[in-house]
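Enquirer: Construct the entire structure; sequences and hints are all you get.
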Amino acid sequence: MVQALVATILLAIPIRLFGLQLPEPIFAMPVVFAWAVIRPSILAPMGILIMGLFMDLFWGGAMGLWALSLLISYGVVLSARTMLVGQSQPMMAFWYAAATALAMGAAYLIAAMTTHAIPSWRAMGLQFLPTVLLYPFAHRLIDRFEDADVRFR
Amino acid sequence: MSLRDSQFGELKVPLTWTAAAALFVAAIIAAAFLLSDRRETLEAQAYGAARQATDTVAAPVGEALSAPGRWTGAGIDAIRGYFFAVSENRRLKTELKEMRQWRDVALALRNENGRFRSLLGLKTDPPIPMVAARVVTDARGPFADTRIANAGREAGVKVGNPVMSEYGLVGRVIGVTSGASRVLTVNDVASRTPVMVDRNNARAILSGDGGPNPRLDYLRGQDPVREGDRIITSGDGGVLPRGLPVGFAVKGLDGKWRVVLASDKGPIDFVRILLFQDFTQVINRTELDQLDVPPRTPGSPEPVLPAPPTNPAAPAASTPTGVSPAAAAAAVAGAALATPRPAAAPPPRATTTATPGARPTTTAAATAGTAPKPPAKPAASSATATPHSAAAATTTPKPAAKPTTTATAATVKPATPKPATPKPAAAKPAATGPKKPAAAASDRPAEVRSEPYRNSEPPH
Chain D
1 MVQALVATIL LAIPIRLFGL QLPEPIFAMP VVFAWAVIRP SILAPMGILI
51 MGLFMDLFWG GAMGLWALSL LISYGVVLSA RTMLVGQSQP MMAFWYAAAT
101 ALAMGAAYLI AAMTTHAIPS WRAMGLQFLP TVLLYPFAHR LIDRFEDADV
151 RFR
Chain W
1 MSLRDSQFGE LKVPLTWTAA AALFVAAIIA AAFLLSDRRE TLEAQAYGAA
51 RQATDTVAAP VGEALSAPGR WTGAGIDAIR GYFFAVSENR RLKTELKEMR
101 QWRDVALALR NENGRFRSLL GLKTDPPIPM VAARVVTDAR GPFADTRIAN
151 AGREAGVKVG NPVMSEYGLV GRVIGVTSGA SRVLTVNDVA SRTPVMVDRN
201 NARAILSGDG GPNPRLDYLR GQDPVREGDR IITSGDGGVL PRGLPVGFAV
251 KGLDGKWRVV LASDKGPIDF VRILLFQDFT QVINRTELDQ LDVPPRTPGS
301 PEPVLPAPPT NPAAPAASTP TGVSPAAAAA AVAGAALATP RPAAAPPPRA
351 TTTATPGARP TTTAAATAGT APKPPAKPAA SSATATPHSA AAATTTPKPA
401 AKPTTTATAA TVKPATPKPA TPKPAAAKPA ATGPKKPAAA ASDRPAEVRS
451 EPYRNSEPPH
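These protein sequences, in sequence, are chains D and W. Residue numbering for the first sequence follows our numbering, beginning at 1 and increasing consecutively. Residue numbering for the second sequence follows our numbering, beginning at 1 and increasing consecutively.
Check each hint, because a few of them may be wrong.
[To be verified] Here are some chain W residues pointing at chain D (derived, C-beta under 10 Å):
| hint | residue |
| --- | --- |
| 1 | Val25 |
| 2 | Tyr167 |
| 3 | Val189 |
| 4 | Pro301 |
[To be verified] Listed next, with one range per pair, are the computed distances between beta-carbon atoms:
| hint | chain 1 | residue 1 | chain 2 | residue 2 | range |
| --- | --- | --- | --- | --- | --- |
| 5 | W | Glu166 | D | Met83 | 34 to 42 Å |
| 6 | D | Gln3 | W | Ala67 | 31 to 39 Å |
| 7 | D | Arg144 | W | Asn89 | 25 to 33 Å |
| 8 | W | Arg80 | D | Met83 | 52 to 60 Å |
[Said to hold, decoys possible] From the derived model, a few chain D residues whose C-beta atoms are all more than 12 Å from chain W:
| hint | residue |
| --- | --- |
| 9 | Val2 |
| 10 | Ile15 |
| 11 | Gly64 |
| 12 | Pro90 |
| 13 | Met91 |
| 14 | Phe94 |
| 15 | Leu102 |
| 16 | Pro136 |
| 17 | Arg140 |
It is worth saying that the hints were derived from the structure and are not from the lab. All values derive from a computational prediction rather than experimental measurement. Positions of the beta carbon are idealized from the N, C-alpha and C atoms, including for glycine.
Expert: Written as structure tokens, this is what we have:
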């Protein structure tokens with residue numbers, strides 16, 4: 001969680017490479033997906049709430065936008081956990097992309113309702129693609145901790 | 001006693017259900033935060049303590065983290081400048097040659113505009129002081145597009161102040177704390193900026209959507225916008241000053257008119273925060289607040305007038321910074337050039353100032369608490385009769401900024417001295433005084449202006 005927040009801060013530096021700005025992926029997404037797949041937890045929702053609120057404060061967006069969006073995605077993945085566990089890596093990558101799309105879709109709806117404006121699909125795509133590319137980090141977390149608790153094997 | 005040995009040691013609960021309960025509680029908390037947030041209102045009090053604390057911490061952290069990037073960029077620029085010095089020199093010479101022609105045109109237009117303003121008695125907006133700052137963090141997502149600049153409350157920055165880069169409008173300040181300000185860019189989905197088309201004054205609202213090119217909404221009329229039209233701020237609603245460059249109009253892929261932002265020409269690194277709040281920022285607020293009450297009718301009750309407020313802009317006297325001495329020298333030269341014109345007008349000005357000086361003494365007898373002020377007014381007014389820009393520098397609480405802002409190309413406040421006419425509407429009888437010497441070169445415009453329906457000739 002701390003690493004995800006630090007990475008968020010680092011990529012908020014106003015740097016341009018070859019005239020292009022750095023991407024702004026949602027570093028919390030791999031953590032959310034991995035926590036939901038590894039095992040149900042009481043602390044995980046609180047950790048996701050903290051990460052979401054931090055992102056909202058740091059990015060200057062509406063308070064609670066990313067917190068609620070990430071929690072919705074976590075809840076859906078948690079409810080489908082029994083179906084996801086044990087699948088191949090490409091399928092897990094697909095489900096991770098679906099969870100990311102769900103989180104961004106929730107954020108889209110919340111932003112549209114709060115600001116009475118439709119966010120740009122292009123901008124959402126520019127955030128969705130680098131976020132999806134973070135799947136290897138989620139896979140590493142799942143691979144390391146999934147079988148750590150025999151009760152959920 | 002460990003948990004296993006306590007009475008709760010054998011307690012078994014379905015972890016999935018408890019996790020779901022925790023999830024539900026967390027979701028409720030997040031929804032409560034969301035419902036209580038008023039970020040879209042862009043009000044000063046909506047920016048809570050949590051956001052201010054976050055910005056206070058994020059600003060120095062961002063500045064420290066971005067320092068290596070800045071140094072690297074500076075080093076690369078130095079190396080590039082060394083190796084490409086010859087070609088850059090050639091390019092600059094060509095550009096300078098072209099700019100010299102535009103300089104002559106600009107000087108002629110400036111003089112012509114100055115003559116027209118004096119003939120028409122137009123009141124130009126007072127120059128706005130500004131504060132230079134550097135962007136230290138950059139959030140560019142689809143749902144939040146904000147920057148943090150490293151100038152805050154101590155520099156006089158307030159919520160609502162417009163922010164500009166060297167090329168054009170960047171956004172507005174939505175949160176201020178000590179040492180940092182959060183800037184909502186015009187790209188943000190919550191951003192709404194009143195703009196106009198420079199060509200035909202057509203009004204629109206620049207609505208951000210998180211993308212690189214915000215939309216032009218609420219366009220009216222037939223073909224109000226054409227491809228390539230210059231878009232500037234309109235000043236409607238007193239939100240932003242008029243005339244700040246925004247960008248150029250283009251047709252989007254969805255068929256809507258969008259704006260290619262002028263600020264996108266270069267990286268938004270250094271910005272200028274204009275200390276503009278609304279159009280009540282005038283030069284001589286105390287003079288404006290002097291109410292001109294008509295004489296009492298017999299038998300009417302004695303009017304009770306509110307005491308004029310103190311000048312709110314006084315604390316910002318030391319804040320404006322960050323402007324080159326060359327710009328200040330240019331502005332001082334401009335002020336010196338403006339000296340001869342008002343210098344020709346002192347005698348009528350003295351009579352003019354005597355008139356408002358006489359009127360307030362009569363009204364001071366009728367009002368309470370204003371008697372000491374009127375005798376000072378003619379002296380103050382006569383002090384302002386000499387070069388207006390210099391007088392503006394002495395009377396405004398932001399003297400150091402005035403010459404610099406007038407010299408800055410990106411600002412839209414022209415460096416022309418204001419015509420020496422009294423401001424209040426009630427001073428209309430005295431307004432003909434200074435206009436007469438200004439129109440001494442040709443009496444016809446003054447006559448036409450004062451009594452358009454009597455002396456105007458039929459159109460040819």
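Enquirer: Does the claim that Pro136 of chain D lies off the interface hold, with its Cβ farther than 12 Å from every Cβ of chain W?
Expert: At roughly 22 Å from the nearest Cβ of chain W, Pro136 of chain D sits farther out than 12 Å, so the non-interface label holds.
Enquirer: Verify the CB-CB distance for Glu166 of chain W and Met83 of chain D against the hinted window 34 to 42 Å.
Expert: With a Cβ separation near 55 Å, Glu166 of chain W and Met83 of chain D fall outside 34 to 42 Å, so the hint is violated.
Enquirer: Should the interface hint for Tyr167 of chain W be scored as holding, given a Cβ-Cβ cut-off of 10 Å against chain D?
Expert: 15 Å, violated
Enquirer: Taking the shortest Cβ-to-Cβ distance between Leu102 of chain D and chain W, state whether it exceeds 12 Å.
Expert: 14 Å, holds
Enquirer: If we take the beta carbon of Met91 of chain D, is the closest beta carbon in chain W still more than 12 Å away?
Expert: 22 Å, holds
Enquirer: Quick check on a hinted range of 25 to 33 Å for Arg144 of chain D and Asn89 of chain W, using CB atoms only.
Expert: This hint is violated: roughly 59 Å between Cβ atoms.
Enquirer: Against chain D, with CB atoms and a cut of 10 Å, does the hint on Pro301 of chain W hold up?
Expert: Violated, about 49 Å.
Enquirer: Does Phe94 of chain D sit more than 12 Å from chain W, CB to CB?
Expert: 23 Å, holds
Enquirer: Report holds or violated for the interface hint on Val25 of chain W, using the least CB-CB distance to chain D and a cut-off of 10 Å.
Expert: 7 Å, holds
Enquirer: Confirm or reject the claim that Arg80 of chain W and Met83 of chain D have a C-beta distance inside 52 to 60 Å.
Expert: Taking Cβ atoms as reference, Arg80 of chain W and Met83 of chain D lie about 56 Å apart, which means the hint holds.
Enquirer: Regarding the assertion that Arg140 of chain D does not contact chain W, is the least Cβ-Cβ distance greater than 12 Å?
Expert: The claim holds: Arg140 of chain D sits with its nearest Cβ about 22 Å from chain W, beyond 12 Å.
Enquirer: Since Pro90 of chain D was said not to touch the interface, does its Cβ keep a gap of more than 12 Å from each Cβ of chain W?
Expert: About 27 Å separates Pro90 of chain D from the closest Cβ of chain W, which puts it past 12 Å; holds.
Violated hints, in rising order: 2, 4, 5, 6, 7, 10, 11; the structure is consistent with all others.
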